[in-house]
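> One letter stands for each residue in the lines below.
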Amino acid sequence: MAFPFVRLCPRHVSTGLQVCSYATLSKASRPQEKSSAGPVFQYVGQNKKPTPKVFVWGFSFTGALGIPSFVVPDSGRKKPRKYQLTPYRLETAEQISSAACGYGFSLIASSTKDASKLWGMGLNKDSQLGFQRTQHSRHQSYDYVLEPSPVALPLVNPLQTRVLQVACGRAHSLVLTDREGVFSMGNNSYGQCGRRIVEDEVYSGSHIIHNIEGFAGRVVQVACGQDHSLFLTETGKVLACGWGADGQTGLGHHNISSSPVEVGGDLSGVEVQQISTYGDCSLAVSRDGQLFGWGNSEYRQLASVTEATQINSPRHLPLKGCGKVVQAACGGTQVAVLNDKGEVFVWGYGILGKGPNLSESSTPEVIPSTLFGRSQFNPSVAVTRIRCGLSHFAAVTDRGELFVWGKNVRGCLGIGKRDDQYFPWRVTVPGQVVDVACGVDHMVAMAKSLL
Amino acid sequence: MATPAVRMFRRLEGLFCVYKPSGVHWKLVRDSIETNLLKVLNATPSQPLPQEVRFLAQPSTETEAPKGLTLSATSVPVLSKHPLVSGPEFQNIQVGVGHRLDAFSSGVLVLGVGNGNKTLNDLYRTRVTRDYTLEGEFGTATDDFTHTGGVVERSTYEHITQDKLERVLAMLEGANQKALLMYSNVDMRSQEAYEMAVQGLLGPEGKSAPILTGLRCIHFQPPNFILEVQCLNETQKYLRKVVHEIGLELRSTAVCKGIRRTRDGLFTLQDALTRHHWTAADITQAIRQYHSSKKHRKHSLSWDNLNYILLSTDSALIQSS
Chain A
1 MAFPFVRLCP RHVSTGLQVC SYATLSKASR PQEKSSAGPV FQYVGQNKKP TPKVFVWGFS
61 FTGALGIPSF VVPDSGRKKP RKYQLTPYRL ETAEQISSAA CGYGFSLIAS STKDASKLWG
121 MGLNKDSQLG FQRTQHSRHQ SYDYVLEPSP VALPLVNPLQ TRVLQVACGR AHSLVLTDRE
181 GVFSMGNNSY GQCGRRIVED EVYSGSHIIH NIEGFAGRVV QVACGQDHSL FLTETGKVLA
241 CGWGADGQTG LGHHNISSSP VEVGGDLSGV EVQQISTYGD CSLAVSRDGQ LFGWGNSEYR
301 QLASVTEATQ INSPRHLPLK GCGKVVQAAC GGTQVAVLND KGEVFVWGYG ILGKGPNLSE
361 SSTPEVIPST LFGRSQFNPS VAVTRIRCGL SHFAAVTDRG ELFVWGKNVR GCLGIGKRDD
421 QYFPWRVTVP GQVVDVACGV DHMVAMAKSL L
Chain B
1 MATPAVRMFR RLEGLFCVYK PSGVHWKLVR DSIETNLLKV LNATPSQPLP QEVRFLAQPS
61 TETEAPKGLT LSATSVPVLS KHPLVSGPEF QNIQVGVGHR LDAFSSGVLV LGVGNGNKTL
121 NDLYRTRVTR DYTLEGEFGT ATDDFTHTGG VVERSTYEHI TQDKLERVLA MLEGANQKAL
181 LMYSNVDMRS QEAYEMAVQG LLGPEGKSAP ILTGLRCIHF QPPNFILEVQ CLNETQKYLR
241 KVVHEIGLEL RSTAVCKGIR RTRDGLFTLQ DALTRHHWTA ADITQAIRQY HSSKKHRKHS
301 LSWDNLNYIL LSTDSALIQS S
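Taken in sequence, the protein lines are chains A and B. Quick note, the first sequence lines up with residues 1 to 451 if you use UniProt numbering. Quick note, the second sequence lines up with residues 1 to 321 if you use UniProt numbering.
A portion of the hints provided could be inaccurate.
In the DSSO-like style, the derived pairs of lysine-lysine whose C-alpha atoms are separated by at most 30 Å in a straight line are [to be verified]: (1) 341(A) - 257(B); (2) 48(A) - 241(B); (3) 48(A) - 164(B); (4) 407(A) - 178(B); (5) 294(B) - 49(A); (6) 178(B) - 448(A); (7) 448(A) - 164(B); (8) 207(B) - 341(A); (9) 48(A) - 257(B); (10) 178(B) - 82(A); (11) 207(B) - 417(A); (12) 417(A) - 178(B); (13) 49(A) - 207(B); (14) 241(B) - 448(A).
A partial selection of chain B residues facing chain A, derived with a Cβ cut-off under 10 Å [stated by the list, open to error]: (15) 191; (16) 219; (17) 237; (18) 241; (19) 245; (20) 249; (21) 252.
Covered by chain A, according to a simulated footprint, are these stretches of chain B (three or more residues, beta-carbon under 8 Å) [as the list claims (entries may be wrong)]: (22) 109-117; (23) 150-164; (24) 178-188; (25) 198-204.
Everything labelled a hint here was simulated from the structure, so no lab data went into it. All of these numbers come straight from a predicted model, not from anything done at the bench. Ideal placement from N, C-alpha and C gives every residue a C-beta, glycine not left out.
Starting from the given sequences, assemble the full structure and let the hints guide the process.
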């Protein structure tokens with residue numbers, strides 16, 4: 001039995017392709033030529049490398065986003081943009097390898113040997129971005145830096161040293177270099193910059209960028225808490241200085257320390273591979289996957305070992321069911337760890353990421369991997385980086401996707417709305433995210449283009 | 001009283017799927033199946049004609065006695081019920097089509113007969129995903145996104161590697177997963193939203209933009225590549241556009257050479273009838289199979305759970321049930 005088929009008129013290529021290449025070609029039958037004349041466009045060569053990009057979002061009036069037109073519009077028609085709710089591209093001169101967000105300011109650094117390798121933007125009332133000379137007077141420094149401005153580090157060999165990492169706290173910042181140690185700038189009223197405390201020192205407009213001494217070996221990682229600093233040496237030892245009223249320095253007392261002192265407690269003899277802090281609680285991950293914590297425990301962050309509200313000496317935290325811990329991230333009231341299988345565990349107080357019903361927990365709770373994109377089509381998606389802001393979390397997966405959750409302080413989550421997010425939500429970043437830095441009310445993400 | 005034709009029709013009521021070849025409009029498929037079924041239904045041996053008793057005037061053999069008509073009862077067949085008078089028993093039957101396939105595509109097309117059309121409505125309303133295999137080719141861009149369209153632009157594709165394609169697919173999948181969450185009408189601040197997100201149940205109710213719930217590359221040989229997609233609320237033109245956009249993301253161009261639907265809800269290519277099997281006997285058997293599998297499924301779970309199966313882990317759960 002034959003039933004009629006609709007005969008498809010084969011569409012044919014026009015020979016006059018050079019003239020116009022839009023769909024104004026008539027669809028009349030013409031013989032189709034496979035090797036037809038016509039330009040072949042090449043958009044990208046074989047050796048194209050992905051372009052590095054930086055994205056910022058959050059509260060912009062402090063200048064921490066580094067986009068001056070958000071604060072001071074450059075055209076009469078534009079209005080100031082107080083909250084940038086979705087990722088916005090920040091044009092940088094060099095490829096940025098490290099970024100840190102403090103309380104209202106950010107530092108971005110490139111691992112280049114050129115003269116300018118460190119830029120700062122945002123609040124500068126305590127010279128946490130160094131001395132930023134004003135246009136009109138060379139003795140005055142800007143209180144708010146609206147654009148990424150170079151920070152002049154007093155390096156001995158400025159064209160040989162590279163900046164490895166930056167860290168920012170409430171009003172101070174630390175810069176780690178590969179050959180010249182750690183530099184600190186900003187507020188030193190509690191000794192967090194690692195230098196002697198001067199009474200009634202005026203920090204605004206200060207030129208002091210101090211090269212911290214007193215390290216036995218080379219420092220490989222720095223972390224800034226609210227008013228204290230932590231340093232990790234290559235031998236796995238942790239040193240701390242700064243405010244200790246909550247025991248966050250871990251030195252066994254609740255006093256101020258104005259120079260780095262090695263922490264003891266359960267960490268003596270342990271090789272630490274990562275340290276993390278942002279508020280008043282501090283965490284360290286050892287090379288064999290154990291977690292140690294000290295400092296504030298008012299929000300049950302260290303409740304697995306103590307009922308007290310503070311610990312001033314590091315204690316080992318026995319975590320049931322977490323496996324080998326690879327990374328830890330500490331926020332203001334909450335804690336997150338990442339194990340070697342790419343699973344994320346959270347505990348503490350606040351929006352933890354398991355819905356509005358779970359607002360506090362003293363034992364680690366795992367976040368289901370289906371929320372990070374694991375599905376039947378992609379059974380092996382794993383989280384590779386975990387970061388904490390003051391009251392939110394960020395996780396980067398191995399596919400380059402960024403997930404955020406927590407309190408949406410002034411739009412810091414970057415999800416396009418100002419509502420709090422109770423479970424991990426994707427942030428639409430045009431590119432693959434490599435790393436992210438979380439602050440109180442803004443975030444900086446380093447990404448690379450897809451191709 | 002049920003005639004053999006009506007009994008046969010009852011056996012034909014239900015859902016089944018056919019393999020629609022490309023180049024054919026779906027309406028032609030539906031019409032030819034309806035014609036085949038009608039032919040067989042009307043070819044069933046008809047009931048013998050009922051007889052009725054009528055009082056007929058006997059023709060008087062004798063010519064005398066003209067008065068006094070003698071009527072005699074005779075059993076005559078009821079001619080009004082003869083098929084040549086009343087027409088065939090079935091003039092047309094309701095054959096409905098599920099999710100449509102345009103002329104360029106091929107694959108599983110779900111059809112329903114008689115009472116099965118009501119189930120078709122339910123199929124439309126539940127959130128059923130469909131699986132497609134898309135064949136694409138790099139190097140050309142056309143005006144209707146297929147390889148038979150008018151060429152708009154040609155470009156190089158030597159820089160494309162499987163790794164770059166995977167990255168672009170991951171980005172597209174991320175965007176679609178986010179769209180899934182955005183189109184669901186659940187309040188994101190509730191615990192219920194979290195529970196549903198964990199199980200993968202968040203999704204649009206009813207009409208929405210097309211969303212690809214799964215996307216992966218199963219074959220890559222430049223310039224050709226084959227993608228497997230799982231989608232909701234899609235049209236085939238949208239899928240061709242997706243192939244075109246993948247070409248653009250890779251800084252080149254791509255056209256779609258073929259679309260094949262491999263699964264529509266719970267009907268797979270395995271159960272699809274090919275052209276030579278579009279006969280009433282094969283269709284009856286397919287419908288019987290559908291009814292038996294439905295009964296088996298009803299024992300293990302309820303119709304609400306079917307929604308969950310169809311949206312999230314489709315094939316694994318089906319194979320296990």
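> Starting from the hint list further up, note which numbers the structure goes against and sort them upward.
1, 5, 8, 13, 16, 17, 18, 19 and 22
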